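Each chain, letter by letter, is given below.
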Amino acid sequence: MTSRDEMFRNIVAEHQELVLNTCYRFVFNREDAEDLAQEVFVEVFRSFDQFREESKLSTWIYRIAVTKSLDHLRRVKRKKRFSSLKRVLGLADAADNIAAPSMNNPAEELASSERAKVLQDALDTLPESQKIAFLLSKQDGYSNQEIADILNTSLSAVESLVHRAKKNLYNKLYASYKKH
Amino acid sequence: MKQESVMKLKHEKIEEEVRSTLKLLNEMGPFEAHHLFRAKLMRRIETDLKQNNGGALLGRPDFRLACMIMLLLFNLASAFVSMQQESSQSMTTAGQLAGTQSDYYSAQEFAYYDQTTSYDHKSP
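Quick mapping for you: the protein sequence lines, in order, are chains A and B. 99 is the number that our numbering gives to position 99 of the first sequence; each next residue is one higher, with no gaps. 17 is the number that our numbering gives to position 17 of the second sequence; each next residue is one higher, with no gaps.
Possibly wrong hints are sitting among the right ones.
Unchecked claim - Over 10 Å on every C-beta distance to chain B, these chain A residues come out as not near it, computed from the model:
1) Gln16
2) Glu34
3) Ser47
4) Leu70
5) Gln130
6) Asp149
7) Thr153
8) Ser156
What the hints assert, rightly or not - In silico DSBU-like pairs for lysine-lysine, Cα to Cα no more than 35 Å straight-line:
9) B:Lys10 <-> A:Lys80
10) A:Lys80 <-> A:Lys166
11) B:Lys2 <-> A:Lys166
12) B:Lys13 <-> A:Lys117
13) B:Lys2 <-> A:Lys172
14) A:Lys56 <-> B:Lys23
15) A:Lys117 <-> A:Lys178
16) A:Lys117 <-> B:Lys8
17) B:Lys40 <-> A:Lys80
18) B:Lys23 <-> A:Lys79
19) A:Lys179 <-> B:Lys10
20) B:Lys2 <-> B:Lys13
21) A:Lys56 <-> B:Lys50
22) B:Lys23 <-> A:Lys80
23) B:Lys13 <-> A:Lys172
24) B:Lys2 <-> A:Lys80
25) A:Lys77 <-> B:Lys2
26) A:Lys178 <-> B:Lys13
27) A:Lys79 <-> A:Lys167
Since the hints were derived computationally from the structure, they do not count as laboratory data. From a predicted model like this one, the values you see are computed outputs, not experimental measurements. Glycine included, C-beta positions come from ideal geometry on N, C-alpha and C.
Same shape as in the complex, but just chain A (with noise of 0.2 Å):
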């Protein structure tokens, strides 16, 4: 083993958990978290040598994570939209609609699994910076500095934004709820 692969070893070791967390509150599905998250550390030993010490190395890693998620989400939202097309002109897969996997209570998920869906139709609907900070913020082991330079931005806009986050979502959801 060389000492590049003993040093990326030592960085997934580190790291995981906490990339982890962070591309699962972005995409509210445990396989998918993990699979980003390999994809980040593929990423990040791939660009190993590209790496600039203009910032710290765990911030340049939760970087990716979060490019990584919205990348994934986009992906999900074309996805959804194309598939939403075919059912328009009669091409749906009979597969995209069979249901995932339930847990102990069908009850308790179904009500979860839609109240998380609210959720992320609300966060969707969010400006990318303010998702972003919100969500970072959400997450242990971020500090505000910390999100402020995942974002490339000041500590005060990451308060303002987290702040300005907080109250459209609060708005949408409202907004979701008394429409049903």
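We have chain A already, so just place chain B on it with the hints.
Relative to chain A, chain B alone:
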């Protein structure tokens, strides 16, 4: 009055729903990675590296530059060779033509002209 209390109740219910939904984010406790996470990752990196070795080489700018220079040199060389061939061919053709012509005029049919050229005017 009754409508107001209904509205208030509805507002409270919606607020409760919003609170419960937002609570989901706080309840998202940290979860640990699968115990095979690192093993899977290293395997993925190995297969990725093997697959992309050729692609990575092609993607490298110095490799691409070297390929372009080689292509350019090859083109120049082939152009030079074909020009050389053309010029030697044209020289051969001119030589051949001259040869043919001299053969043509010294042929049997033109013997008369040869004779006339060697005709001696002074002789009676």
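Status of each hint after checking the structure:
1. Gln16: violated, 5 Å
2. Glu34: Not fine: 6 Å to the nearest Cβ puts Glu34 of chain A too close to chain B.
3. Ser47: Ser47 of chain A clear of chain B: closest Cβ-Cβ about 12 Å, beyond 10 Å.
4. Leu70: holds, 17 Å
5. Gln130: holds, 14 Å
6. Asp149: holds, 21 Å
7. Thr153: holds, 22 Å
8. Ser156: holds, 23 Å
9. B:Lys10 <-> A:Lys80: holds, 33 Å
10. A:Lys80 <-> A:Lys166: holds, 26 Å
11. B:Lys2 <-> A:Lys166: holds, 32 Å
12. B:Lys13 <-> A:Lys117: Since the Cα atoms of Lys13 of chain B and Lys117 of chain A sit roughly 19 Å apart, the hinted pair holds (cutoff 35 Å).
13. B:Lys2 <-> A:Lys172: Within the cut-off at roughly 28 Å; holds.
14. A:Lys56 <-> B:Lys23: holds, 32 Å
15. A:Lys117 <-> A:Lys178: holds, 16 Å
16. A:Lys117 <-> B:Lys8: Satisfied, since the Cα-Cα distance of roughly 26 Å is no more than 35 Å.
17. B:Lys40 <-> A:Lys80: Within the cut-off at roughly 29 Å; holds.
18. B:Lys23 <-> A:Lys79: holds, 28 Å
19. A:Lys179 <-> B:Lys10: holds, 12 Å
20. B:Lys2 <-> B:Lys13: holds, 16 Å
21. A:Lys56 <-> B:Lys50: holds, 30 Å
22. B:Lys23 <-> A:Lys80: holds, 26 Å
23. B:Lys13 <-> A:Lys172: With Cα atoms ~15 Å apart, Lys13 of chain B and Lys172 of chain A stay inside 35 Å; holds.
24. B:Lys2 <-> A:Lys80: Cα-Cα ~44 Å, so violated.
25. A:Lys77 <-> B:Lys2: violated, 44 Å
26. A:Lys178 <-> B:Lys13: At roughly 10 Å apart (the allowed maximum being 35 Å), Lys13 of chain B and Lys178 of chain A satisfy the hint.
27. A:Lys79 <-> A:Lys167: holds, 29 Å
Of the numbered hints given earlier, the model fails hints 1, 2, 24, 25; all others are met.
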